[in-house]
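Line order of the protein sequences matches chains A and B. Everything in the first sequence is counted per this note's numbering, starting at 732 for the first residue and increasing by one. Everything in the second sequence is counted per this note's numbering, starting at 4 for the first residue and increasing by one.
These are computed hints drawn from the structure, not numbers from a lab. Think of the CB as a built atom: it goes at the ideal place given N, C-alpha and C, for glycine as much as any other residue. Check each hint, because a few of them may be wrong.
Here are some chain B residues the structure puts well away from chain A; computed CB gaps all over 12 Å [claimed, not checked]: (1) Ala26; (2) Leu44; (3) Val47; (4) Thr95; (5) Gly96; (6) Asp275; (7) Leu312; (8) Arg415.
When the alpha-carbon atoms are kept at most 30 Å apart in a straight line, the in silico DSSO-like pairs for lysine-lysine are as follows [stated by the list, open to error]: (9) A:Lys809 / B:Lys325; (10) B:Lys289 / A:Lys942; (11) A:Lys942 / B:Lys433; (12) A:Lys982 / A:Lys942.
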Amino acid sequence: MVLSRRRFIGGAAGAAGLYLASPVFARAGRAMGMGVDPALANRRRLIVIHLGGGNDGLNTVVPIADVAGAARASVYRKLRPSLGYAPEQTLRLDRPDDGGHGLGLSPSLPYLHGLYREGRVAVVQGVDYPNHNYSHFSSTEIWHTGEPEHSASGWIGRHLDRVGHSEGEVRAVGIGHGLPSILRGDSRQGLGLVNIPATRFADGNSDIYAKSRHDHLAQFGAHPETELLRALHGRTAAATVGLVANLADAKVPESTGKPLADALVTARVLLEEDLGVEVVYLEHHGFDTHSNQRVAQEQLLAELDAGLGMFWSGKLGTKQVMAPMSPHLAERTMVMTISEFGRRIGENASGAAAGTDHGAASPMFLIGPPAATSPLVGGVHGDHPDMGSVALPADNLTMTTDLRRVYESVLTNWLHNPDPLYRRHAPLPGLFR
Amino acid sequence: MAEPLTAHEVSSILGRVAFGASAADLDTWTGRTQVELADHLLSVPDPAMRGAQSDESRRASVTLAATSANEENGRTHLHAAQGWWQERMRITGWPLLERMVLFWHDHFATGLGVPHPDVAMMLRQNETQRTHALGNFAELAAAMTQDPAMLTWLDGAKSVAGKPNENYAREFFELFTMGVSPQQYSESDIREAARALTGWTVNGQRAAVFDPRRHDTRSKTVLGRQISDLGDAEHLAVRDAALATPVSSRFIAWKLVQKLAYDLGPIDVMSDSEPLVSKVAASLRKDWNIRGALGVLLRSPEFRRGGGLARQPVEQAVHACKAFGIATDAAEVLQSLDGMGQRLFYPPNVGGWPVGEEWISPGSTLARYRLATFVEHEARRTAGAFDVPFGPRPLPPAADLQTWARLFGFPRFTPNTERVLRGYLSANAKADEPQRHKGLITLVISSPEWTVM
């Protein structure tokens, strides 16, 4: 199976589809008299957070009790004498139907736990794909394309293709360097940016010569080169000039000093600036905890928890970074976490140095709007992977939920745009109302 | 192959493997043969004789100073190390050597960590990679397995009998020797190799040592070969097993073509779909000699023809600074490179840096524009200045695009670039010359042909 760490700009259609016009955000489009969807403010939004490196699911959603003959907590304690959490250290998943699951959240996730108790969080267990691949790069490609048998396009990219918005509209943004596969469709794609303050020209905007330089930079996209990468380069230059113009008036809070929180601030600004952005993808790195896992993962999960808190409340620690999210936006926003794989059940060393090696299945979080209006059903979904017995423990967690079914659930029930590639993978029953 | 090189070919070849051509290079090599140029690029003396590079004392003092790096001053030492290496790339008489050190730095991607690997360890790794850059790949691979920075980075130093850490073994097969396209190793091979590699650790003086008490002495089976009782030589047995597989020479050949010749995307390296990959692989398979394999690559018609290679940010910056005699160790250059997505000694992950279209985004466009702004400012400043080495370097008249192209190492600009530049010049016909120079330099460095050679 040949997996691409990059996409080919394939064929005439591919090349033609990229940035034909200098892309605009919907607001500017309206100002320019272009026909823009008036229901833009009512569109649903999706934030995808990739936990880069392979997040250890077992120390995120911890088995704290053996249930219904499955010796999970016992196996967990046996194979993780150093790394394991005692039940009382975890934040119990204790909604009315949770007793049968015997699970607790990592102590580093108090805000998420609070949302869970409000019924806003769906924990989907055992998510993976068939013929699991243990390479970061290959597995990330699979999670991004949503197609183990190799598709060149990302599952959000294909969503953009099917929506069929006008070529110039930017509906999806990836925060970071480059543009990840998840946002590349066949005829449409998202746009990558690092953050909004950096999305400016170094020579400013006020001088007429600077403006002339920028205008001519955009001209590189007007008459494409014949060589494909050069053509992409020229079009990207044109797109950049448009992007800078569209973001020129955006008000952005000061950096929080925390990369994930900053990325979530950027996501909030993009959503609130009424620019037509529907999907934002961002990454939180460092989860490849082959060693010193306890300290590293707790820190990373704490940052995730704090970032999520700030995303909705606007508050990071004691600082009010931005206003709380409006109820209107909160009703229409969902966050999901993905990771290229979980990690093995057993720890690979002892004491503080203990870590885990690459594993397979792990849980995903879907966090929806306030429960009263939300179609997302809070609680624990899917089956916990088999962990064997104390006498014969499993080495690894294997798939109980195919990731394509989770994607199809979100595409069908949240974004109202099912993917024909997933016709054999029905949405998960009970995940959405 | 015996056909004389055109100026365009000289520009493309030196742009891809030697940090760019100068106007003088265009004059020297146009009309000579491809073999002559290849031989010239490859004529780097053996490692033992290279100590006399003109910046050797700077390298030595940066390395020594880095041994006292701590959390507060670590960044300063990192910038000093980056600045030294970028300057070496700019001024060296052996650009292909530095291009290959950069290639191996990307291939065996190791990054700074807290507290280790630190800058001192990364500089030592850099020197090891330089020693073997044009030598024997098998020896280079072994040297990387024993490299203190690598041992720290991929947890080899913590791996111990009974609790082997799989991180290095996995990446050794997946990224360093065999690749996954196709994948000819299994999870079991990884686990067994991890056992064989136990024992290697790093001591307090940042040196690699083999501790037999940490080594798993039971027999292992890696890639069908049994490894028993070889102690500190077991890592060599793992290496030999990997390099004996059919896929290994093809994987390394593919990487060399992908990063030095043209961007051919992912392929099944066992197929013979790419003649250049097959040829280079055959050379590697013979004796794993890197210089020999590069000779095959550099003398090939496929390399000569090219086909679109997105240059890395560091290469773009070095070329731009070289064109105007500007030092690359300025803070502005380092910050622009950070924005473009490349910091030396600090790759994004163990897979190294991106390729092709992954380099092309609004973020990198804006960071490259920032680099261009610095370059044009310095170029114009030194144009009339007498207090710079070799005196003032006046810039050509803005309208003389032919001379400007040569200054940047092209016989001429592409029709598209020329259209943009002429458009800018006519829109700003009334502006003063410095203003017009400013626009030209900024737009050329931001042009598609600056990135994609």
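We went through each hint and held it up to the structure:
With a minimum CB-CB distance of about 23 Å to chain A, Ala26 of chain B clears the 12 Å threshold, and the non-interface call stands. At roughly 24 Å, the least C-beta separation between Leu44 of chain B and chain A is larger than 12 Å, which holds for a residue marked as non-interface. At roughly 30 Å, the least C-beta separation between Val47 of chain B and chain A is larger than 12 Å, which holds for a residue marked as non-interface. Even its closest Cβ contact with chain A, about 28 Å, leaves Thr95 of chain B beyond 12 Å, as expected for a residue assigned away from the interface.
Annotated as non-interface, Gly96 of chain B keeps its C-beta farther than 12 Å from every C-beta of chain A; the closest such distance is 31 Å. At roughly 15 Å, the least C-beta separation between Asp275 of chain B and chain A is larger than 12 Å, which holds for a residue marked as non-interface. Against chain A, the non-interface label of Leu312 of chain B is violated: not every CB pair exceeds 12 Å, the least being about 8 Å. No Cβ of chain A approaches the Cβ of Arg415 of chain B within 12 Å, the least distance being about 15 Å, so the stated non-interface status holds.
With a C-alpha separation of about 61 Å, the suggested pairing of Lys809 of chain A with Lys325 of chain B is violated against the 30 Å cut-off. Pair hint Lys289 of chain B plus Lys942 of chain A does not hold up; C-alpha atoms about 57 Å apart against a cutoff of 30 Å. With a C-alpha separation of about 16 Å, the suggested pairing of Lys942 of chain A with Lys433 of chain B holds against the 30 Å cut-off. A threshold of 30 Å between alpha carbons decides the hint, and for Lys982 of chain A with Lys942 of chain A the separation of about 22 Å falls inside it, so the pair holds.
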